[in-house]
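For this one, chain A is given, so just place chain B on it according to the hints.
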Amino acid sequence: MSEVKYETVIGLEVHTELATASKIFCSCTTEFGGEPNTHCCPICTGMPGVLPVLNQKVVEFGIAVGLATDCEITLYGKFDRKNYFYPDLPKAFQISQLYLPICRNGVVAIEGEGFQKNIRIHEIHMEEDAGKLIHDPIFDTTHADYNRCGVPLLEIVSEPDFRNAEEVIAYLETLKAILQYLGVSDCKMQEGSLRADVNLSVRPLGQAEFGTRTEMKNINSFRAIARAIAAERKRQIELIEDGGRVVQETRRWDDAKGVSYAMRSKEDAQDYRYFPEPDLSPVVISEEWKEEIRKSLPMLPKERKAKYMEGYGLSSYDAGIITGIKALADYFDEVNAILGQPQEVANWLLGDFMRLAKAGEGDSFDILLSPVHLAEIILMVKNNVINRNTAKEVFAAVWQEDLDPRQYVEEHDLAMVGDGDLIKDTVAKVLAANPKTVAEFKAGKEKVLGFLVGQCMKELKGKADPATLNTLLREALQ
Amino acid sequence: MIITDEIIDYVSSLARLDLSGEEKTKIKGEIEKIIDYMEVLNTLDTTGVEPMSHVLPVTNVFREDVVAPSVPREEILANAPEADQGAFRVPKTVE
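Sequence order for the protein chains is A and B. Per the working numbering: the first sequence = residues 1 to 478. Per the working numbering: the second sequence = residues 1001 to 1095.
Keep in mind that a hint or two might mislead.
Only pairs whose alpha carbons sit at most 16 Å apart, straight line, appear in this in silico EDC-like list of lysine to aspartate or glutamate [stated by the list, open to error]:
1) 295/A - 136/A
2) 132/A - 1084/B
3) 1092/B - 113/A
4) 132/A - 191/A
Here's a subset of chain B near chain A, in silico, CB distances under 8 Å, partners left out [what the hints assert, rightly or not]:
5) 1053
6) 1058
7) 1065
8) 1071
9) 1085
Residues from chain B that keep clear of chain A, each with C-beta distances beyond 12 Å, as calculated [what the hints assert, rightly or not]:
10) 1022
11) 1025
12) 1026
Think of the hints as simulated: they come from the structure by calculation, not from any bench. All C-beta atoms, glycine included, are put in the ideal place defined by N, C-alpha and C.
Here chain A stands alone, though its shape is the one from the complex (with noise of 0.2 Å):
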């Protein structure tokens, strides 16, 4: 390796399946999933002589994600026909926008640790999805399923803003608690509904150009478009330092064996012949069109968040991850809206409780305790019914199912002893069966009264206040 300091400069274009009920141009359900061609009409699978009408929903779900980006809204905008062959789309084409998109010109702050940042939107586009294909090995064909045909999409493409992984990371999880909030798409990046192309090219610390860049496309978790930056970066200087150059191509990234490879030659490259969709009419937004949306719009994430720091006291940390996702700050003000202890309930939250909601399948995130539950757990510690670590432990045991805490704790007999008496008989049986180690610590050996507290838990099946429990132990010792 030379001495020469690489800068990457990455763009990224995510796409986003709207949460509409019906697809884009038809009323076909956007339904995920079901068996092959079952949400299909004659629109959507491409027949000669059929007529698209625009979904009015998704207009107002772009102008919604353009306001919250703060873009200018496009006031009087058009679709138009991205032509190719391809068997995920039936038509042979792709109604999509390249001319008048729906927004324009915005803007996302990020922060991460150790930077803030604005990374700026260059439009935002409204398509249509595009169908599956499965490869069938045994007949050497390809099968073609329409059901996510004609699903809308929002196209959000950046500017080239990003010069690492964490920023692409921070933006990616700002703009997905964004559309979340803003309850226009479920951003299931397992299923699809949230996928990122990413635009990488590495330049000599200090040049101005860009150096070629390559496109990787349809990275589905935030894990794996970190590791698929780290290897194109890689890829491309070591192509450099080698004296060859970087090709602009498309490349598919291979997570399971963290490869990129070329999909498209340069000989192939597309052209789409874009020209205006003659089937669709324009699209004219009126001032107060947009500004009833605008006034309708619900409370942010970065609102949400000042709110969190000032009106609770959380810190910047916690209260940034809580209303990073809407899903677990809604259920924060549930449960805070039965407790009041903010701190409390945020702790509460941020530990084994995010672990857990995160235990599935990619980046889902699946909450199934219901927040009356948790509050019993944390009012059950308040009360000294039960010590923080049983606490823990029931918290465990009731998640998965959403069990009845308290009836948990009665089933397996876990709340506290509050009888002083048996707690000092257990002591004295401890101490008297540990006449050593009370000897070291009247010796002024002070830590090993940790060992005979943990004998008197066991004792006690860990059913004891510790700060009772220590208070005795110590009046006992004296």
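Then chain B, alone, in the frame of chain A:
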């Protein structure tokens, strides 16, 4: 406008058409005529005329976001050259 052989090859490959030499010669002449005919439009003075994005004076033709039943799969697959396990079967396509 002169249509070269390269243009014919390029356009026919984009359209996935496999043309014989005879067909290419014939089509070359036809495309030249079509382009020349369209050239007439370029003789018009369009200074100050806004580019038009649609031929009809209509805007905002929308539908409500309401789901209607899809079409039975047999009907969807009726025109498929080949179908298998409820899917369209097409020649192997790998990007």
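Evaluation of the provided hints:
With a CA separation close to 50 Å, the supplied pair residue 295/A and residue 136/A exceeds the 16 Å bound. Between the alpha carbons of residue 132/A and residue 1084/B the distance comes to roughly 15 Å, so the proposed pair stays at or under 16 Å and holds. Distance hint between residue 1092/B and residue 113/A is unfulfilled; the C-alpha atoms sit about 47 Å from each other, more than 16 Å. At most 16 Å may separate the alpha-carbon atoms for a hinted pair to count; residue 132/A and residue 191/A meet this at roughly 12 Å.
The restraint placing residue 1053/B at the interface with chain A holds, with a minimum CB-CB distance near 5 Å, inside the 8 Å limit. Interface hint at residue 1058/B: satisfied, since its Cβ lies 5 Å from the closest Cβ of chain A, which is below the 8 Å cut-off. Taking 8 Å as the C-beta contact cut-off toward chain A, the hint placing residue 1065/B at the interface holds, the least distance being around 4 Å. With a least beta-carbon distance of about 5 Å to chain A, the hint placing residue 1071/B at the interface is held under the 8 Å criterion.
This hint holds: residue 1085/B has a C-beta 7 Å from the nearest C-beta of chain A, less than the 8 Å allowed. Consistency note on residue 1022/B: stated as away from chain A, and its beta-carbon is indeed over 12 Å from all of that chain's, at 25 Å minimum. With a least CB separation of 24 Å from chain A, residue 1025/B remains clear of the 12 Å interface cut-off, as annotated. Here residue 1026/B stays apart from chain A, with its beta-carbon at least about 23 Å from theirs, past the 12 Å limit.
Taken one by one, the earlier hints fail for this structure at numbers 1, 3, listed in ascending order.
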